[in-house]
Amino acid sequence: MSAGDDPGHELLARVFLTRVIEPGDEVCGRWVRECGVREAARRLRDGGPRPPAVSEKRWAGLRARAGQAEPRRDLDEAREAGVRFVCPGDAEWPGQLDDLGDTRPLGLWVRGRPSLRIWALRSVAVVGARACTEYGAHMAATLAAGLAERGWVVVSGGAYGVDGATHRGALAAGGATVAVLACGVDRPYPRGHTGLITRIAEQGLVVGELPPGDHPTPSRFVLRNRVIAALTRGTVVVEAAYRSGSLVTARAAQRLGRHTMGVPGPATSALSAGVHELLRKDAVLVTDAAEVVELVGDMGELAPDRLGPVLPRDLLDAPTRHVLAALPAHRAATAEEIARGAQTTQDDAIARLYELRSLGYVERHGDGWKLTRQSMISVRGDRSRC
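For the sequence shown, numbering that gives the first Met the number 0 assigns the number 0 to the initial residue and increments by one for each residue that follows.
Treat the hints loosely; a few may be bogus.
[What the hints assert, rightly or not] Now the in silico label distances, taken between C-beta atoms and shown as ranges: (1) Arg129 with Thr286: 21 to 27 Å; (2) Gly88 with Arg129: 34 to 40 Å; (3) Ser218 with Pro51: 19 to 25 Å; (4) Thr286 with Asp98: 26 to 32 Å; (5) Leu284 with Asp313: 43 to 49 Å; (6) His8 with Gly66: 16 to 22 Å; (7) Gly88 with Pro265: 45 to 51 Å; (8) Asp101 with Arg64: 50 to 56 Å; (9) Ala317 with Pro87: 25 to 31 Å; (10) Arg72 with Pro311: 36 to 42 Å; (11) Gly88 with Leu284: 34 to 40 Å; (12) Asp316 with Gly88: 15 to 21 Å.
These are computed hints drawn from the structure, not numbers from a lab. Glycine is no exception: its CB is placed at the ideal position from the N, C-alpha and C atoms.
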């Protein structure tokens, strides 16, 4: 680490630590919380008292990693790839990740235009087996499409099998989806999903804890699952054998007090054995998107509309205001029509429409989008003050 990469700066210190500390390391997470991000980075860089629970051998390994870390270069490479680094305390940081305690990410690398915090407000995870059956792929895609059509953001891990079917289902419905990766978000993995993950980054978000160029390992896949569970309101498992990694996501969701759901499979299918075990315990059986939303949705979805949007219109960024202004006053419009009116791409329009949906400005009607009643009231109120 060069002198110019002073970890005394909070952002640089966190980027530096993502190169040194493995995701989900509870021991180091507790140490960072107790001594502070900047002080932890300083001790790793310059030497100092090691954490009491860390052996000398492990401390030497962490110090060796620290010697190779170049946070400014990581930030520069990320910027060139269209990736930003979001820290706890930032406006875009999803507060529900704080429920992870000492295993909370040091920060997240985010690729894509939408606000991660806003999208996470109405999100559901759909996960399952990599070697899924046709039934599993069909159910995952159908659930994702149904959730997207109801204005929900669908989160998964970008892997083969159920994950890939989930993302494709949401995208095919013109919906919002987030892929949480176990590697650097600038290098899609698996390689066979490069096109899919690129498409997700264009229309949605690709998120990860690891810095640019970092590679996945078996343990990183497992630890990534806690982020999927914490980020969303609930986790749906479509197909999972007894030792499936998707069950890790479900158990993490249960520990965090999130909703845990399972889609039943044939009683004779080994790929559904793990799901059936979940269902025998605390998970809820679901068969379609409506049942998922019934469980994870707000009370307000069954009650009268909210009084108004969460965020005042004049606090929206300019591109989002342009998309909002492009919606007709008294009818639904397609994303393509709205994009033309806002002079942007259809992918960008869809991303911003889901953000506006989370804030209470718009709602989805089939293939179209329409201003909500409270949004219309808000507009009239703004005009009356002019």
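Cross-check of the supplied hints:
A C-beta distance of roughly 22 Å is found between Arg129 and Thr286, which places it inside the suggested range of 21 to 27 Å. Checked against the given bound of 34 to 40 Å, the beta carbons of Gly88 and Arg129, roughly 35 Å apart, stay inside it. In this structure the hint that Ser218 and Pro51 lie 19 to 25 Å apart at CB holds, the actual value being about 23 Å. Look at Thr286 against Asp98: about 28 Å separates their beta carbons, and that is inside 26 to 32 Å.
The beta-carbon spacing between Leu284 and Asp313, approximately 45 Å, falls within the hinted interval of 43 to 49 Å. Evaluation of the 16 to 22 Å hint for His8 and Gly66 yields a pass: the beta carbon distance comes to about 19 Å. A C-beta distance of roughly 47 Å is found between Gly88 and Pro265, which places it inside the suggested range of 45 to 51 Å. Look at Asp101 against Arg64: about 20 Å separates their beta carbons, and that is not inside 50 to 56 Å.
Between Ala317 and Pro87 the CB atoms are about 27 Å apart, so this pair conforms to the stated range of 25 to 31 Å. The given range of 36 to 42 Å is respected by Arg72 and Pro311, whose C-beta atoms sit roughly 39 Å from each other. Range check, Gly88 to Leu284: Cβ separation about 39 Å, and the 34 to 40 Å hint holds. Here the CB-CB span from Asp316 to Gly88 is close to 20 Å, well matched to the stated 15 to 21 Å.
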